[in-house]
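Position chains B, C and D against the provided structure of chain A, taking the given hints into account.
4 protein chains.
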Amino acid sequence: MGAPTAGARLLTVALWSGRFAAAPAQELWDLTVDLATDGQLWREDLAVNRAHAHMLAACGILAPAVAAALECALDQVEEELAGGRFVFVDSDEDVHMAVERRLTELAGDAGRAVHAGRSRNDQVATDFRLWCRGAAARLTAGLDRLSGALLDQVDRAGAALAPGYTHLQPAQPVTLGLVLLAHVAAFDRDAGRLAAAAERADECPLGAGALATSTLPLDPAATARELGFARPFGNSIDAVAARDFALELLAAAAIAAVHLSRLGEEVVLWATDEFGFVALDDAWSTGSSMMPQKKNPDVAELARATAGRVQGALVALLTVNKGLPLSYNRDLQEDKAITLTAVRRLELALAGMAGLIAGCSFRLDRLEQRAAAAGAAATDLAERLVAEGVPFRLAHERIGALVGRLAAAHRGLAEVTAEELAAVHPCLAGCSGSWLSARACVDRRRLPGGPHPEAVAAAAAEARARIARRTTKETR
Amino acid sequence: MGAPTAGARLLTVALWSGRFAAAPAQELWDLTVDLATDGQLWREDLAVNRAHAHMLAACGILAPAVAAALECALDQVEEELAGGRFVFVDSDEDVHMAVERRLTELAGDAGRAVHAGRSRNDQVATDFRLWCRGAAARLTAGLDRLSGALLDQVDRAGAALAPGYTHLQPAQPVTLGLVLLAHVAAFDRDAGRLAAAAERADECPLGAGALATSTLPLDPAATARELGFARPFGNSIDAVAARDFALELLAAAAIAAVHLSRLGEEVVLWATDEFGFVALDDAWSTGSSMMPQKKNPDVAELARATAGRVQGALVALLTVNKGLPLSYNRDLQEDKAITLTAVRRLELALAGMAGLIAGCSFRLDRLEQRAAAAGAAATDLAERLVAEGVPFRLAHERIGALVGRLAAAHRGLAEVTAEELAAVHPCLAGCSGSWLSARACVDRRRLPGGPHPEAVAAAAAEARARIARRTTKETR
Amino acid sequence: MGAPTAGARLLTVALWSGRFAAAPAQELWDLTVDLATDGQLWREDLAVNRAHAHMLAACGILAPAVAAALECALDQVEEELAGGRFVFVDSDEDVHMAVERRLTELAGDAGRAVHAGRSRNDQVATDFRLWCRGAAARLTAGLDRLSGALLDQVDRAGAALAPGYTHLQPAQPVTLGLVLLAHVAAFDRDAGRLAAAAERADECPLGAGALATSTLPLDPAATARELGFARPFGNSIDAVAARDFALELLAAAAIAAVHLSRLGEEVVLWATDEFGFVALDDAWSTGSSMMPQKKNPDVAELARATAGRVQGALVALLTVNKGLPLSYNRDLQEDKAITLTAVRRLELALAGMAGLIAGCSFRLDRLEQRAAAAGAAATDLAERLVAEGVPFRLAHERIGALVGRLAAAHRGLAEVTAEELAAVHPCLAGCSGSWLSARACVDRRRLPGGPHPEAVAAAAAEARARIARRTTKETR
Amino acid sequence: MGAPTAGARLLTVALWSGRFAAAPAQELWDLTVDLATDGQLWREDLAVNRAHAHMLAACGILAPAVAAALECALDQVEEELAGGRFVFVDSDEDVHMAVERRLTELAGDAGRAVHAGRSRNDQVATDFRLWCRGAAARLTAGLDRLSGALLDQVDRAGAALAPGYTHLQPAQPVTLGLVLLAHVAAFDRDAGRLAAAAERADECPLGAGALATSTLPLDPAATARELGFARPFGNSIDAVAARDFALELLAAAAIAAVHLSRLGEEVVLWATDEFGFVALDDAWSTGSSMMPQKKNPDVAELARATAGRVQGALVALLTVNKGLPLSYNRDLQEDKAITLTAVRRLELALAGMAGLIAGCSFRLDRLEQRAAAAGAAATDLAERLVAEGVPFRLAHERIGALVGRLAAAHRGLAEVTAEELAAVHPCLAGCSGSWLSARACVDRRRLPGGPHPEAVAAAAAEARARIARRTTKETR
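Protein chains in written order, with the numbering used here: chain A, 90 to 565; chain B, 90 to 565; chain C, 90 to 565; chain D, 90 to 565.
Same shape as in the complex, but just chain A:
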């Protein structure tokens, strides 16, 4: 769609006022019209038109014949839009006006009748709430697919030893499953936040009109019901003025994107030669013909960057809303361009990471080797003393001193002898050798939620069950 001619703009202005002396300026048009964005809401707009028409007919505001003609025209418009054959004209200010124009072309007075008891303010708010509900569902599905890919890896090698890091320094040996499930746990809460956002948005603005409802005997509960909302609006000013439903969606998305960036960062690290924990699949990385060993983790990098995109969108919409008096202000039009772009980027990044994770191969030997370097054994010795009644700080001090003496002699804890251990405390006599191995350290940690393979398997099963419950609910 190119810019409209002054004539077309004058045509539009006819909708506002016969009294306006001048067509809107081109710059006003450029600033205010964004069909590329709101055109993406055509499905929602048609659904809202249908529900509104049904309600008007049921309330006796539209005659049955008019309602039937409208239904027919809506079918036609839907076909045109779905088939990419709908023609926008220069004077179409937004998708809502385009649809009404086309309905009128197709059905005459029936098209002219559909906007009864409605204003663009409540119509737009309803369309956008519907879109946000769908977006929350799509993002949840994306998170669940990514979690599914992680869980598949857990199934494959969840019990393998892996280093656990703090400060990016190996701190304690854990299992690969525990590491991967940490990300699944975060994504699960993200799905919960998206569901909460969708639920709180579950209120239908239709019937609020411009801001003060209508004098017609409308039935907002009926339109709410048909569109799958839990309830109609509770305050007609709030219904057209509030955008916290989009803010909450973006906030949930921004937090999910931060979690995704943490996984992205880990994959970038794991895929380095230096860490060497993972081999990426060819289909999910980019390379260089000159350096065949190089596989760039572009998907993980762009997933990491998505945190910036979504956070930027959240900030944009928070700032747009800041300090706005009630009810509707034109500032709010920006909500859609901001939200749609951010949601789209996050969807793509989630899909990309799901594919990347599904296709990667963990290098279990390298993980095990690094797990051995992450020495929990000193802590275990101290806890062994604690079990004998030695106060923790003293136990910690004594083992620290032992470790220090060994280090001064350039020996690691793995090389300590049974005698040296017994000299610290008789109860440690049997704690040399394999007692100090990474596997033994992991095996001694049997708490639920911990690194033990059984705990990992149980947690993975629970995570799968949670996803299954969500999926069932979605598809119901």
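In case anyone wonders, no lab produced these hints; they're calculated from the structure. Some hints could be false.
On the chain A side, residues computed to face chain B include the following (Cβ under 10 Å) [unchecked claim]:
id: 1; residue: Q261
id: 2; residue: R314
id: 3; residue: A319
id: 4; residue: F322
id: 5; residue: A340
id: 6; residue: R558
id: 7; residue: K562
Label-pair restraints from in silico Cβ distances [to be verified]:
id: 8; chain 1: B; residue 1: E194; chain 2: D; residue 2: A171; range: 45 to 53 Å
id: 9; chain 1: D; residue 1: Q115; chain 2: B; residue 2: A476; range: 54 to 62 Å
id: 10; chain 1: D; residue 1: Q165; chain 2: B; residue 2: A557; range: 21 to 29 Å
Some chain A residues well away from chain C (every beta-carbon gap over 10 Å; in silico) [to be verified]:
id: 11; residue: E116
id: 12; residue: H143
id: 13; residue: C148
id: 14; residue: A311
id: 15; residue: A372
id: 16; residue: W373
id: 17; residue: T375
id: 18; residue: G401
id: 19; residue: G444
id: 20; residue: A476
id: 21; residue: R494
id: 22; residue: A503
id: 23; residue: A546
As the structure is a computational prediction, the values presented were derived from the model and not from experiment. Glycine included, C-beta positions come from ideal geometry on N, C-alpha and C.
Only chains B, C and D this time, still in chain A's reference frame:
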């Protein structure tokens, strides 16, 4: 507390390693130590110490006598902290180390025993989750008090006529109650978001240790229960690495602060001479001895600015978390300074606005006069035609033309005659005069959630009931 | 452009490596390819290709005949792109690859030769720096046009009385010129910031290669010169890794957008019935056929909202860059989508506001009436006493007491008698009546930069001169 | 300072109006008073008081004796504040009122006279601009010290081989100097931005009064001069309403903090066992007595997190300013708490990183080993062909094919024979063995700004010279 001497810093470093050759540099200390912030979590730290000690005793890790000595020392430390008599020393790196030091001074080995099976990583995460839970409750109470003040004004004058604005232009007459309840509706959802944040954070990290749990036979479910958490951690890496509980709290707070800024903006506007809708109470505004008529709405201005503070905090913590590999990184220490300041500002702003609203007097005559200027009557005439079966766009056009003719003759719609109306359509014959008044326009809008006094009263009652349910739940 | 087939994607991957076993996944393609964005940089890409080819020829790396063939092909590609006839194919990963592909189609080996001594890393960075330089110039021109519109209004009615506000309460009478020039002053600094951003970005990355320059005898100074950069890169890693040139542009744009939002807010207020300071032009506002008096200031509202959009972009790019190791990471690709959208919105908003301001009519009678309500006179009386040697606080107190006595008798300061004034201090005897008028208050304030009409005229002349200097520089 | 009693608050209100019936509410006080923040501006406030007093005396508004008494009292107040002996009282609303109160206690009417021709609006703006100027200088010094530490490391080992990364994959061998200088280059631009911010803020608001200047014969140029500003305000409304000077400072600081986060990330990576590029000094890291090999890079982590803090502050102040009408609004009070905290964090992080860098030891053997893995040699072979006239893409393809063949035989490029090379092209006959080494690759890259040791030395010398010029300018 001044900066510690190098000696004191060396003392601290003793906790890290006897092998460190040098005391930490002063700049490292300045950057890493922030007792002014984490000192605010002393209540939570004591609660965590108590619960942990009880669990250790119940699990047989602490002897009964040790546990009793610890309890006693904890009582004493609590008294000292509550009474402002607790003395921090130079080497206290944070409130957790300060408490353990003092426990050890008071109870010797019992103090040295309390950290068994625990790491600063899970301890800090637990303290901070507790604090966030309390913060959510305090913010909810603040929102409810503000809503209560608005509802009191609705009780006083909810049925009074008021102008409803779009684009800050009077659009339709409504009632003052509808306007005030629009803000209450938004704050109610904010309370819902805070509750959701608190609920999702309802997982106790204690037992996760540094990141890999412990070899001791701990009972994380017991500490979770004593501290009022719904459940213990589900993944020990996630337990020390995740900060989405604080992010979600800040996101909910940021959205609430945006809502507060919209109310603040309205109060600033209403308090202008030009709008003249409200008179502020002396105790809640600032003035000028030279311009006695001037009352500055400082509280509303600072409430408006709070949106910036809280949004800034949300951005800060999102950015801090972005791209961090798991599990704990020192970056996360910044979470507390960021969150505490923002929550405190929002609490103060909510309290300020509750007082301001409670103390202000609406100028009902002025509101009514402006309501009359917000002419819904033309819309009502068009809807009257729609009720007769005229398609909406045609009805809209005909009334628009009538309004245009009147305007060309410098007459308002209020001056239209019965004859002129009848000429448009016979059904409009009776719609002149008082039919066109703002009060009649409001009276014709009887939908729930709309401006009609009865709808307003019903909505106010529901809002009060929701607040009452929350308050009951809180105090249970 | 639709999504490419797997075959096309395999074709692309040929550029990376013959060893890759699999075509890139569709999701990887969707996430990584954004031709709609980088296609907007085609002008810059062609300029860079030309400069690079010229330099290669001058350095003897390209034979004269090859260089000539390349020039010819570049002309053709430019014609195709400018004319909208350039055909992108499915395997075009970005505009740079598309251009090189087309050059090769047109000129064979000459096209294959153009990428010598160059990498996509330095090429993209150069393209984008050029684009940012142009963006800074366009935004500056937009600011200057808006300032020009404000200055035209100053020329028309700069000396008219207007209320000066603090806390949105009338505080002191000023002149309309002073008010409008306050915005001009802010936009002038914004232009300075944009110039500074462009200047600091004035370094050409070409020659930095992937990150480590090249072994060919390139002349980076020559390409820098031809592309109008002040100098070539100073560090080849920094050249491909740094994006602070875009961050500084966005920061300058975000601050300008905040200034624009403040002007937008004022216009929205001025255009209310309640303030009534300005009448908007039909071509620059939207209306309602049902409420002919209503003119919605959509342009000012969207200008206000632009602050959100640009700030969101700044946050997005800051967060994308946060914590990235050097040198190039794929995260950086997001820079363009973020920056281009934000700059475009700000350009449109500046153009819209320039038109809106140019077309609006200030209601001077209403401004003067409100100026009278903004009583500086009490301050002037106090300063009159100060001029007699009374310490300021005492003077302030005495006049405050006088004002208080009058107010208690429901009299304004304008009604004070000469006798009452003389009773406070003999020097005030002549200060009743017209001495207290708003015009007199303004006339007594003769400092440069103040409200006096002469000061306003002088400041306006200086502002025009600054703009003229910038414009001359631009067009040179 | 605790909260003031209602009596003290009533005392304060006396400054506003004798007509106020009620003391300000405690909540209003809590929300509006922040002495902990603005108390940090006492040095600036005293400087402003001195300059203002001198100007008043020079203009004949203060008698010489009064001026002398004031000077004396200012000396005394300065001593008290510098010595920590100044006593704030409950009714001190801010540091400005506290200072004036104390001056009045010490010097009676001279204290009461100092506020002539001044308002808190212009006074606060001047104080804060002075503070921001000082902050820019301190941050610049911090950046320069950090750059100095990096340059010292360049002096030590700038010519050592190091891997150059793209996508965190080794891409080409470079020198350690080139890597470190990339950070220095970014910090140098940051210093430039801070200088630009300070320069643009170089306008003195004193004399603007509340917003409309004064009727007294003030000399704003004189106060500007004494306070070291380049010029007095150009528009009195802008002078009290604008905060872009702080926004620009924060924007420059936020970009610098992003750069610091990138260095922080690199140090964290370099300090891992897996990369192993650097050993941190004991004094600049934290450790664990149980894992003696573990040295946590806390300083680098907190430096990385500082990007979040400063960006959050920038967002906060942008959002606070968004949509504010002119001139002063109380919202603007938030500027100081926001800015001071962020600047302080960045100062500490810069100091911390300077120390960390100064104290760390690069492991040159490990760097050299990884440099060898970053194979530029294939590119060099292709460029060798280009030098013979082979079009780049063909050259690239042929070498790519060679590399592919070798890889298929599990051989690296380093193992290629002279015969194999000659088979590709005769000119490559001599390019086996040491020609392919990392050192040779670096030695062939002689462009200024590149990795060659001579280029590095030259760039380091230039960087030192720029810092020296800044330092000289500062101390002048």
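Requested in this report: Mind listing which of the numbered hints don't hold for this structure, in increasing order?
Outcome: As far as the earlier hints go, 2, 3, 6, 7, 8, 10, 11, 15, 16, 17, 18, 19 are violated by this structure, in ascending order.
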